[in-house]
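Same order as they appear, the protein sequences are chains A and B.
Here the first sequence stands for residues 1 to 317, where the numbers follow the UniProt record's numbering.
Here the second sequence stands for residues 1 to 321, where the numbers follow the UniProt record's numbering.
What the hints contain is simulated information worked out from the structure, not anything from laboratory work.
Each residue gets a CB set at the ideal place from its N, CA and C atoms; glycine is no exception.
Among these hints, one or two may not hold up.
What the hints assert, rightly or not - Restricting the straight-line Cα-Cα distance to at most 25 Å, the calculated cross-link-like pairs of lysine-lysine (DSS-like) are:
1. A:Lys304 / A:Lys18
2. A:Lys304 / B:Lys317
3. A:Lys18 / B:Lys124
4. A:Lys97 / A:Lys56
Said to hold, decoys possible - Distance ranges between label pairs, derived from CB positions:
5. B:Arg126 / A:Ser260: 47 to 53 Å
6. A:Gly278 / B:Pro227: 36 to 42 Å
7. B:Val112 / A:Gly277: 38 to 44 Å
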Amino acid sequence: MSCANSAHSVVEPSFTSKRIAGAIVILYALITLIPLVWIFLTSIKSPPDSISYPPKIVFTPSLEGYCNLLTTRTRQTPEYIASLPEPTGTCDEVTRKRNMVIAGPSNFLPRFFNSLLIAFGSTFLAVLLGTMAAYGFSRFRVPLADDLLFFILSTRMMPPIAVAIPIYLMYRELGLSDTALGMILLYTAVNVSLAVWLLKGFIDEIPREYEEAAMIDGYTRLQAFRKVVLPQATTGIAATAIFCLIFAWNEYAFAALLTSGSAQTAPPFIPTIIGEGGQDWPAVAAGTTIFLIPILVFTILLRKQLLRGITFGAVRK
Amino acid sequence: MNISNSIVEKAADATAKVTPISVVRRVRGLSDRAIAWLFIAPAIVLLLAINIFPLIWAIYLSFTNYRANRPNAAVEGVGLRNYERVLTDPDIWQAMQTTAHFVFWTIVLQTVIGFTLAYLIDRKFRGHAFWTTIILIPMMLSPAVVGNFWRFLYEPQIGLFAYAVSWLTGIATSDIRMLGDVSLAPWAIIIVDTWMWTPYVMLICLAGLRSIPDYIYEAAEVDRASPWRQFWSITVPMALPFIMLAVLFRGIENFKMFDMVTLLTGGGPGSVTEVASITLKRAAFESWATGRASAFAIVLFVAVFGLANIYVRALNKVKQR
Chain A
1 MSCANSAHSV
11 VEPSFTSKRI
21 AGAIVILYAL
31 ITLIPLVWIF
41 LTSIKSPPDS
51 ISYPPKIVFT
61 PSLEGYCNLL
71 TTRTRQTPEY
81 IASLPEPTGT
91 CDEVTRKRNM
101 VIAGPSNFLP
111 RFFNSLLIAF
121 GSTFLAVLLG
131 TMAAYGFSRF
141 RVPLADDLLF
151 FILSTRMMPP
161 IAVAIPIYLM
171 YRELGLSDTA
181 LGMILLYTAV
191 NVSLAVWLLK
201 GFIDEIPREY
211 EEAAMIDGYT
221 RLQAFRKVVL
231 PQATTGIAAT
241 AIFCLIFAWN
251 EYAFAALLTS
261 GSAQTAPPFI
271 PTIIGEGGQD
281 WPAVAAGTTI
291 FLIPILVFTI
301 LLRKQLLRGI
311 TFGAVRK
Chain B
1 MNISNSIVEK
11 AADATAKVTP
21 ISVVRRVRGL
31 SDRAIAWLFI
41 APAIVLLLAI
51 NIFPLIWAIY
61 LSFTNYRANR
71 PNAAVEGVGL
81 RNYERVLTDP
91 DIWQAMQTTA
101 HFVFWTIVLQ
111 TVIGFTLAYL
121 IDRKFRGHAF
131 WTTIILIPMM
141 LSPAVVGNFW
151 RFLYEPQIGL
161 FAYAVSWLTG
171 IATSDIRMLG
181 DVSLAPWAII
191 IVDTWMWTPY
201 VMLICLAGLR
211 SIPDYIYEAA
221 EVDRASPWRQ
231 FWSITVPMAL
241 PFIMLAVLFR
251 GIENFKMFDM
261 VTLLTGGGPG
271 SVTEVASITL
281 KRAAFESWAT
291 GRASAFAIVL
301 FVAVFGLANI
311 YVRALNKVKQ
321 R
């Protein structure tokens with residue numbers, strides 16, 4: 001905390017205070033990481049290793065969790081298994097060791113695919129509508145602009161469960177319940193508020209003079225928007241897209257209430273993975289790991305834009 | 001949109017080079033005003049269809065005895081009876097209290113830890129950018145998926161959390177039943193929420209600290225203000241609007257808390273972790289009391305909206321100081 005005893009600027013913290021600060025922050029970061037590391041370690045443990053006590057840090061890695069995640073299995077008699085032809089793959093092999101045979105693929109991949117489809121579909125729409133609306137609000141005098149913007153923001157204050165009842169009824173009438181289209185439209189609506197607010201901030205920062213110059217050169221408004229504003233806003237659009245993607249990817253409440261089968265996404269599905277006699281933790285951990293990897297990558301790509309995204313652009317760094 | 005765009009462009013390309021702008025605009029017939037509405041309308045229409053229309057429908061339902069599992073039964077208006085039942089239901093008051101308890105403790109913990117971390121990271125030690133990114137990871141993950149895995153960490157016999165606590169304190173692991181013990185279960189959720197969302201508060205606080213200009217500290221140094229004094233008279237007040245903003249966003253989010261609680265405890269043991277969203281979900285999708293659930297939803301929304309508005313006023317006062 002003391003910053004008076006250094007030769008640098010008076011506000012530059014001293015070497016020791018930096019070291020202490022660094023040590024505390026790194027300790028916190030490492031504690032933060034433990035659950036994540038544990039998810040990964042559990043995913044490469046065999047089921048008995050995963051529930052041994054004390055928790056095992058050294059163990060023989062196994063792909064059983066991933067095999068169990070991706071397949072459904074049935075228990076068979078040892079005689080029957082012995083009569084089968086040689087196993088064709090690793091998963092076959094580990095499954096047979098537990099007196100089971102692979103019956104077919106599990107629902108994980110379809111659910112994961114639903115997550116991809118719904119997250120990317122809604123992100124594309126939210127960013128498209130958001131960019132247009134943000135440009136509209138940023139460049140033109142729209143009557144009641146402030147009220148409209150506040151209205152757009154306030155839609156995020158509603159608890160998802162509160163609107164879930166009428167949306168459930170509405171979707172039932174329209175035949176949209178448990179469809180990917182229904183979920184895409186819903187997530188687009190939730191995300192468009194964030195997209196408008198964020199992108200308005202980004203577009204506000206592009207000088208109007210660029211478009212004016214383009215229009216003097218003979219471009220129309222729409223051409224100026226497409227050829228001058230859009231390229232300038234690319235970074236902002238990309239950041240916004242990733243935030244929308246993360247929301248749609250992680251969303252649980254609507255997905256759990258409005259989908260039950262064909263359009264179910266991964267978040268409601270992963271907790272339902274069970275093995276024989278309770279939750280199959282290596283399989284759950286494997287599903288969780290696969291599900292978290294894209295987000296980990298995005299977090300690292302996004303760290304500079306993070307602040308704007310989580311505060312609706314209310315705070316700039 | 002695409003079709004009209006390309007036609008417009010072709011026409012414009014043909015004429016743009018030689019014709020003054022005003023003529024082009026008249027030829028195309030698309031005034032700036034029209035473009036503005038054309039651009040804004042789709043977003044507004046979508047929000048009206050998927051946010052406002054359902055909200056109005058919920059308001060309507062809240063005055064009826066409609067049940068979603070009996071769509072063909074006659075719907076009758078019941079006046080304010082649903083609201084009366086909601087506001088006098090001890091279970092709902094209990095759920096509101098539980099919610100308030102969660103919101104309070106998560107905000108206190110996340111603000112204190114988050115601000116401390118931001119203050120330390122602001123020292124700009126070597127590698128601070130890298131470690132900051134690491135700390136930010138939890139808030140980007142899915143509360144449901146990660147919350148589900150925390151159930152495993154909390155298992156008394158096999159979980160890492162119980163093992164670590166037992167190793168640190170010497171309490172037997174069988175006594176660390178985070179999710180099964182009535183007095184511990186709320187804290188199990190508060191811990192996960194704090195793990196996930198402290199980085200959020202930290203990030204906003206960090207922005208606040210970075211916004212304080214150096215010359216203020218330089219002036220304080222010249223005046224020989226102690227570091228302690230500088231902290232309380234400069235750092236905290238200057239960062240306060242940012243801290244308050246973080247509290248606002250976390251407060252709204254945690255008032256709606258649903259996914260993490262559902263997966264960690266499902267509201268149990270008993271109903272000690274039953275927050276408002278869970279009660280609402282039970283009323284709406286398990287008891288199918290659609291009308292009453294809608295009334296509760298409206299009460300919740302009005303409460304969040306009202307509290308947020310009062311809070312924003314306070315925030316603006318702090319900003320103006």
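These are the hints, each one checked on the structure:
1. The straight-line distance between the Cα atoms of Lys304 of chain A and Lys18 of chain A is roughly 22 Å, inside the 25 Å bound, and the hint therefore holds.
2. Between Lys304 of chain A and Lys317 of chain B the alpha-carbon distance is near 30 Å, which puts this suggested pair outside the 25 Å criterion.
3. Proposed proximity of Lys18 of chain A and Lys124 of chain B is supported: the alpha carbons are some 7 Å apart, at most 25 Å.
4. Between Lys97 of chain A and Lys56 of chain A the alpha-carbon distance is near 22 Å, which keeps this suggested pair within the 25 Å criterion.
5. At roughly 52 Å, the beta-carbon separation of Arg126 of chain B and Ser260 of chain A lies within the given 47 to 53 Å, and the hint holds.
6. Taken as a hint, the range 36 to 42 Å is violated for the pair Gly278 of chain A and Pro227 of chain B, whose Cβ atoms sit roughly 54 Å apart.
7. Here the CB-CB span from Val112 of chain B to Gly277 of chain A is close to 42 Å, well matched to the stated 38 to 44 Å.
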